[in-house]
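Undergrad: Those sequence lines, one after another, are chains V and B. Anchor point for the first sequence: position 86 equals 86 in my numbering, and the numbering is continuous, going up by one each time. Anchor point for the second sequence: position 173 equals 440 in my numbering, and the numbering is continuous, going up by one each time.
Don't take every hint at face value.
Stated by the list, open to error - DSSO-like, lysine-lysine: derived pairs with alpha carbons at most 27 Å apart: (1) B/402 - B/461; (2) B/358 - B/444; (3) B/306 - B/295; (4) V/256 - B/276; (5) B/291 - B/276; (6) B/442 - V/13; (7) V/2 - B/402; (8) B/295 - V/256; (9) V/13 - B/420; (10) B/306 - V/256; (11) B/520 - B/493; (12) B/493 - B/515; (13) B/442 - B/493; (14) B/358 - B/306; (15) V/2 - B/442; (16) B/402 - V/13; (17) V/2 - B/358; (18) V/13 - B/295; (19) B/472 - B/415; (20) B/520 - B/472; (21) B/444 - B/402; (22) B/444 - V/2; (23) B/358 - B/276.
Claimed, not checked - A few chain B positions that, by computed beta-carbon distances, are all more than 12 Å from chain V: (24) 336; (25) 494; (26) 543; (27) 570.
Unchecked claim - Derived, one-sided and incomplete: chain B residues facing chain V with beta-carbon distance under 7 Å: (28) 343; (29) 381; (30) 575.
Honestly, the hints are just simulated from the structure, not real lab data. Beta carbons: idealized from backbone N, C-alpha and C, even for Gly.
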Amino acid sequence: MKRYIDFYLTSMKMAVIEQWQYPIANYFYMIGMIAEPVIYMVVWSAVATQQGGMVGGYTPGAFAAYYIVWTLVRSMNVVFTPYGWEWRIRQGQLSMSLMRPIHPLHNDVAFFAGWKVVVIILWIPLALALTLFFKPDLHPTLLNGIVFFFAIWFAYLIRTMTLSLLGMVTFWTTRVSALFELYFAAELVLSGRLVPLSLMPEWVQRLAWFFPFRWAFGYPIEALIGNMSVNDLFIGLGMQLAWIIFGAVAVSLVWKVAIRRFSAVGG
Amino acid sequence: MPSVISISKLAKHYQVPEREAGLKAAAKGLFKRTYKTVKAVDGISFDIQPGEVVGFLGPNGAGKTTTLKMLSGLLHPTSGELSVLSYEPAKRNHDYLRQITLVMGNRNQLSWDLPALDSFDLQRAIYGIPTEEFKRTRDEFIELLDLKELVQKPVRNLSLGERMKMEIVGALLHKPKILFLDEPTLGLDVTMQKRIRSFIAEYNKRYGATVLLTSHYMADVEALCKRVIVIHHGQLLFDGDLTALVQKFSAFKTVAFDIDNPNQDFSQYGDVVSIDGLHVTLRVAKEKTSAVTTRLLSDLAVDDLTVEATPIEDVIESVFSVKKEAME
Numbered sequence: 001m002k003r004y005i006d007f008y009l010t011s012m013k014m015a016v017i018e019q020w021q022y023p024i025a026n027y028f029y030m031i032g033m034i035a036e037p038v039i040y041m042v043v044w045s046a047v048a049t050q051q052g053g054m055v056g057g058y059t060p061g062a063f064a065a066y067y068i069v070w071t072l073v074r075s076m077n078v079v080f081t082p083y084g085w086e087w088r089i090r091q092g093q094l095s096m097s098l099m100r101p102i103h104p105l106h107n108d109v110a111f112f113a114g115w116k117v118v119v120i121i122l123w124i125p126l127a128l129a130l131t132l133f134f135k136p137d138l139h140p141t142l143l144n145g146i147v148f149f150f151a152i153w154f155a156y157l158i159r160t161m162t163l164s165l166l167g168m169v170t171f172w173t174t175r176v177s178a179l180f181e182l183y184f185a186a187e188l189v190l191s192g193r194l195v196p197l198s199l200m201p202e203w204v205q206r207l208a209w210f211f212p213f214r215w216a217f218g219y220p221i222e223a224l225i226g227n228m229s230v231n232d233l234f235i236g237l238g239m240q241l242a243w244i245i246f247g248a249v250a251v252s253l254v255w256k257v258a259i260r261r262f263s264a265v266g267g
Numbered sequence: 268m269p270s271v272i273s274i275s276k277l278a279k280h281y282q283v284p285e286r287e288a289g290l291k292a293a294a295k296g297l298f299k300r301t302y303k304t305v306k307a308v309d310g311i312s313f314d315i316q317p318g319e320v321v322g323f324l325g326p327n328g329a330g331k332t333t334t335l336k337m338l339s340g341l342l343h344p345t346s347g348e349l350s351v352l353s354y355e356p357a358k359r360n361h362d363y364l365r366q367i368t369l370v371m372g373n374r375n376q377l378s379w380d381l382p383a384l385d386s387f388d389l390q391r392a393i394y395g396i397p398t399e400e401f402k403r404t405r406d407e408f409i410e411l412l413d414l415k416e417l418v419q420k421p422v423r424n425l426s427l428g429e430r431m432k433m434e435i436v437g438a439l440l441h442k443p444k445i446l447f448l449d450e451p452t453l454g455l456d457v458t459m460q461k462r463i464r465s466f467i468a469e470y471n472k473r474y475g476a477t478v479l480l481t482s483h484y485m486a487d488v489e490a491l492c493k494r495v496i497v498i499h500h501g502q503l504l505f506d507g508d509l510t511a512l513v514q515k516f517s518a519f520k521t522v523a524f525d526i527d528n529p530n531q532d533f534s535q536y537g538d539v540v541s542i543d544g545l546h547v548t549l550r551v552a553k554e555k556t557s558a559v560t561t562r563l564l565s566d567l568a569v570d571d572l573t574v575e576a577t578p579i580e581d582v583i584e585s586v587f588s589v590k591k592e593a594m595e
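Please model the entire structure based on the sequences and the hints provided.
TA: Encoded structure:
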C-alpha cells in the first residue's frame with residue numbers, strides 16, 4: 001500500500017511539473033472546452049427569459065450556476081480516452097507500460113489526477129470571469145461542498161473505468177473511434193451534459209439512473225447547486241461508489257482476457 | 268548450475284488476414300476473410316546460464332523481437348515451454364517484472380518534457396527502491412555513462428545517443444537480474460555504441476546479470492557475447508560460441524595488397540573483390556590462403572600485403588543464406 005501511495009504521489013507530482021510547462025496550451029484547451037457550456041447557458045437563459053423567467057424550475061441564474069459548475073466537472077472528468085488507448089496499442093507504447101510491476105491503469109489514474117491539480121488552478125480565473133458575466137444563482141451548503149468534493153473525484157474514477165473498458169476494445173478491433181462516438185452521443189443525452197436531466201422527459205431521467213453517465217457528470221453538478229435532498233446526495237455517492245467498484249471489477253476481468261490478445265505491434 | 272532462461276519448443280504463430288489488392292477484393296473481404304498463419308517463432312529451444320551474455324541474431328523478421336517479447340511476458344506463446352528465473356513470463360508476476368528489464372532501441376519510457384532525473388524518481392516509486400539505494404545506483408550509473416551534465420536537461424533536448432543512455436539508466440535502476448536488450452545501439456554513432464557496450468559489460472560484471480542481446484551491429488556482439496544464438500524464419504540455426512560460428516561459416520579470407528601495376532589478371536589467385544587505384548582486394552578460400560600469399564609474394568612485386576578474417580557481418584550473412592538442412 002505504501003508503495004502505491006508513493007507511486008501515486010510521485011506520478012502526480014510529475015504530471016503537475018509536466019503540465020506547468022505548457023500553461024498557455026492548457027489555457028487554450030480549457031477556453032475551447034468552455035465554449036460548449038457557454039452556448040448552452042446563453043440558449044437556455046434566453047429560453048427561460050422568454051418563458052417568463054423560468055424553465056423547469058431553472059432561472060437564468062440557476063442555468064448559469066449549472067453550467068459554470070459544469071465547466072469544473074467537465075475538467076475533472078477528462079480521462080485517458082479510447083483514442084489514447086488506440087494510439088498506445090497501435091504504436092506499441094503499451095509494451096513499455098506492461099514491463100512495469102504496476103497495472104497501466106494506475107499510471108493513467110495517477111497522471112490525470114495530477115493534471116487535475118493544474119486544471120483546477122487554471123479554472124479559478126475562468127470561473128470568476130464567467131461568474132461576473134453570467135451572475136449565477138449558487139448558494140451551496142457546507143454539506144453540498146463536501147459531497148461535491150468527493151463526487152467530482154468519484155466522477156473522475158467512473159469515467160476512467162468506463163472509457164478504459166471502451167479503450168480496451170482496441171485489443172480486439174485495433175480501432176475504437178466509432179464506438180467512442182456512440183458512447184459520446186449517449187453521454188450527451190443521458191448525463192446532464194447537454195441539458196440538466198430534470199428538463200429531459202421522465203423516461204430519459206429513469207433510463208439515466210441505470211447508466212454511468214449521469215453519475216460522472218450531472219450528479220456532481222446537482223450536488224453542488226443545491227437541488228438535491230440530503231438523502232439523494234448520499235444515494236448519489238453510493239451509486240458512484242457502486243459504479244466505481246463495478247467498473248474496477250469489469251476492467252480487471254476484461255484486462256485478463258484482453259492482454260492475451262495483445263500482439264505488441266509497433267514495438 | 269540451473270538455467271535462468273529455459274525455452275523448449277517455443278512457438279508463436281499469428282493469424283494474419285490477407286487479401287488481393289483492389290476494390291473488388293476489399294468488397295469480397297467484407298463477406299469472406301482469408302487468413303494466413305505466420306510462424307514468427309517456430310519451435311526453438313535453448314537454455315541460458317546465470318551471468319551469460321548471449322547474442323541473439325537473425326535478419327529482420329527472423330523472430331528475435333517476438334522471442335524477447337515472450338521472454339519478457341509481453342506476448343503469450345502459442346505453444347512450447349518457457350521459464351525465466353523459474354517464472355512463467357506470460358503471467359507477468361510483479362516479482363518477476365522487478366527482476367527483468369526490456370530495452371528497445373526504438374521505444375522510450377522517459378517523460379519527454381522533463382529532465383531524466385524526474386523519470387528516474389518515478390522508476391524508484393514504481394519499483395519500490397529504497398531511497399538511499401536508489402540514489403547510490405543512480406549516481407553510479409550517471410558516472411559510468413558520464414551523464415552528470417545532461418540529467419537536468421529536458422529529455423527532448425538530448426541527442427538520440429544521450430537519450431538512449433538515459434533510457435538504459437532508467438531501465439536498470441532497479442538492478443534487474445536479466446536484461447533483454449533489443450537493438451540498444453540502434454541509430455547511434457560509433458563512439459556512443461562503444462560507450463553503451465562498455466556500460467553493459469560493466470553492469471554484467473558488477474551485478475552478474477544475464478544478458479540476451481539482439482543487434483544488427485556485429486561490433487556489439489563481438490564485444491559483448493561469447494555465445495550466439497542465430498535464428499531465421501523462426502527456427503534455430505546455430506547455438507554456440509561466436510568463434511565456433513566464425514570457424515564453421517567463414518570459408519574465405521580477405522587478402523589485400525598494393526601493387527604498381529594493377530591492370531593485370533588476378534583471378535588465378537582468388538576472387539577479385541575490388542581494385543581501388545593501386546590497392547587490390549581478393550577473396551581467397553581459407554585453406555588456400557597460405558599458398559596464395561606465397562605465390563603473390565613470389566610472382567608479383569606487392570607491398571603491404573595483409574590477410575584478414577572475413578568480417579563477422581559476412582559470416583552471419585553466410586549463415587542466413589545457407590539452408591537449415593545444410594547446417595545439421
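Undergrad: Work down the list of hints and note, for each, if the structure agrees.
TA: Hints versus structure:
1. B/402 - B/461: holds (26 Å)
2. B/358 - B/444: holds (18 Å)
3. B/306 - B/295: holds (26 Å)
4. V/256 - B/276: Cα-Cα ~25 Å, so holds.
5. B/291 - B/276: Given pair residue 291 of chain B, residue 276 of chain B is violated - Cα atoms ~41 Å apart, limit 27 Å.
6. B/442 - V/13: holds (24 Å)
7. V/2 - B/402: The hint holds at about 19 Å.
8. B/295 - V/256: The hint is violated at about 34 Å.
9. V/13 - B/420: Holds: residue 13 of chain V and residue 420 of chain B sit about 18 Å apart, inside 27 Å.
10. B/306 - V/256: Holds, at roughly 24 Å.
11. B/520 - B/493: holds (22 Å)
12. B/493 - B/515: Holds, because 15 Å separates the two Cα atoms, which is no more than 27 Å.
13. B/442 - B/493: holds (23 Å)
14. B/358 - B/306: It holds: about 22 Å lies between the C-alpha atoms, which stays within 27 Å.
15. V/2 - B/442: Given pair residue 2 of chain V, residue 442 of chain B holds - Cα atoms ~21 Å apart, limit 27 Å.
16. B/402 - V/13: holds (19 Å)
17. V/2 - B/358: Given pair residue 2 of chain V, residue 358 of chain B holds - Cα atoms ~24 Å apart, limit 27 Å.
18. V/13 - B/295: Violated, because 53 Å separates the two Cα atoms, which is more than 27 Å.
19. B/472 - B/415: holds (23 Å)
20. B/520 - B/472: With a Cα-Cα distance of about 34 Å, the restraint between residue 520 of chain B and residue 472 of chain B is violated, given a limit of 27 Å.
21. B/444 - B/402: Measuring from Cα to Cα gives roughly 19 Å; hence the hint holds.
22. B/444 - V/2: Distance of about 25 Å is within 27 Å: holds.
23. B/358 - B/276: Status holds; Cα separation ~19 Å.
24. 336: violated (5 Å)
25. 494: Given a closest Cβ separation of 25 Å, the condition holds.
26. 543: Residue 543 of chain B clear of chain V: closest Cβ-Cβ about 41 Å, beyond 12 Å.
27. 570: holds (51 Å)
28. 343: Check passed: Cβ of residue 343 of chain B comes within 5 Å of chain V, closer than 7 Å.
29. 381: With Cβ-Cβ at 6 Å, under 7 Å, it holds.
30. 575: Nearest chain V Cβ about 37 Å off; hint violated.
The structure shown violates the earlier hints numbered 5, 8, 18, 20, 24, 30.
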